[in-house]
Amino acid sequence: GENVEQHPSTLSVQEGDSAVIKCTYSDSASNYFPWYKQELGKGPQLIIDIRSNVGEKKDQRIAVTLNKTAKHFSLHITETQPEDSAVYFCAASKGNTPLVFGKGTRLSVIA
Amino acid sequence: GAVVSQHPSRVICKSGTSVKIECRSLDFQATTMFWYRQFPKQSLMLMATSNEGSKATYEQGVEKDKFLINHASLTLSTLTVTSAHPEDSSFYICSARAGEANYGYTFGSGTRLTVV
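Chains A and B supply the protein sequences, listed in that same order. Going left to right, the first sequence walks through residues -11 to 99 as this note's numbering numbers them. Going left to right, the second sequence walks through residues 14 to 129 as this note's numbering numbers them.
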């Protein structure tokens, strides 16, 4: 089955700097790659997603890139703010199978 | 956008009792719902997948008699933790998806279960 690896597990950046989180997946048939933000005690919230027919997608300060050949995708957050501090999860799926999650990245934005 | 309501947000129960967690899709019909368990500082672990009107499909290692899932309508799925023990204490999260496409997953806000 699908296996999703996520790095780094923790990331600290200064406010205003960029943050990059990377994920790799094992199943070349996976075609949907969402990113979720989870704050303490809450459920995950979708922040951006990308499908395999697209290489890059951007939404204001957040962007995701996908390299199907290498089977990896990345989350880029620019101009980070303290409210960006949270745990971020990548995930992958194919067909109608459930999402498979990475282990998460704890992002701390230092003011 | 799509909203999934999960209740209760927190529950404390005594060992041996049962607890029911509800997951409702408020503005869409959820063909499929998923139940996850999350331990502190860990990722989400899929427990089971449920389709409306049919039996849930449980992941390997998840006891179906202990974690009863009912998906009786297109807007409601319930997870009942039966004969709860302290080791069942965890954060339980549901997710709903409309249709068969593998996108459009919406998550509930989670339920913190503490068994004493």
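Keep in mind that the hints are not guaranteed to be accurate.
Chain B regions said to be covered by chain A (calculated; three or more residues, Cβ under 8 Å) [what the hints assert, rightly or not]: (1) 77 to 87; (2) 117 to 129.
Pairs of lysine-lysine, DSSO-like flavour, derived with a Cα cap of 30 Å [said to hold, decoys possible]: (3) B/33 with A/25; (4) A/46 with B/33; (5) B/27 with A/82.
Output of the computed footprint for chain B on chain A, the stretches with three or more beta carbons under 8 Å from beta carbons of chain B [claimed, not checked]: (6) 41 to 52; (7) 60 to 71.
Bear in mind the hints are in silico, worked out from the structure with no lab data behind them. If you're wondering where the values come from, they're calculated on a predicted model, not measured in any experiment. Using N, Cα and C, we set each Cβ at its ideal position, and we do this for glycine too.
Evaluation of the provided hints:
no. : hint           : in the structure
1   : 77 to 87       : violated (count 0)
2   : 117 to 129     : holds (count 7)
3   : B/33 with A/25 : 26 Å, holds
4   : A/46 with B/33 : 40 Å, violated
5   : B/27 with A/82 : 40 Å, violated
6   : 41 to 52       : violated (count 0)
7   : 60 to 71       : violated (count 0)
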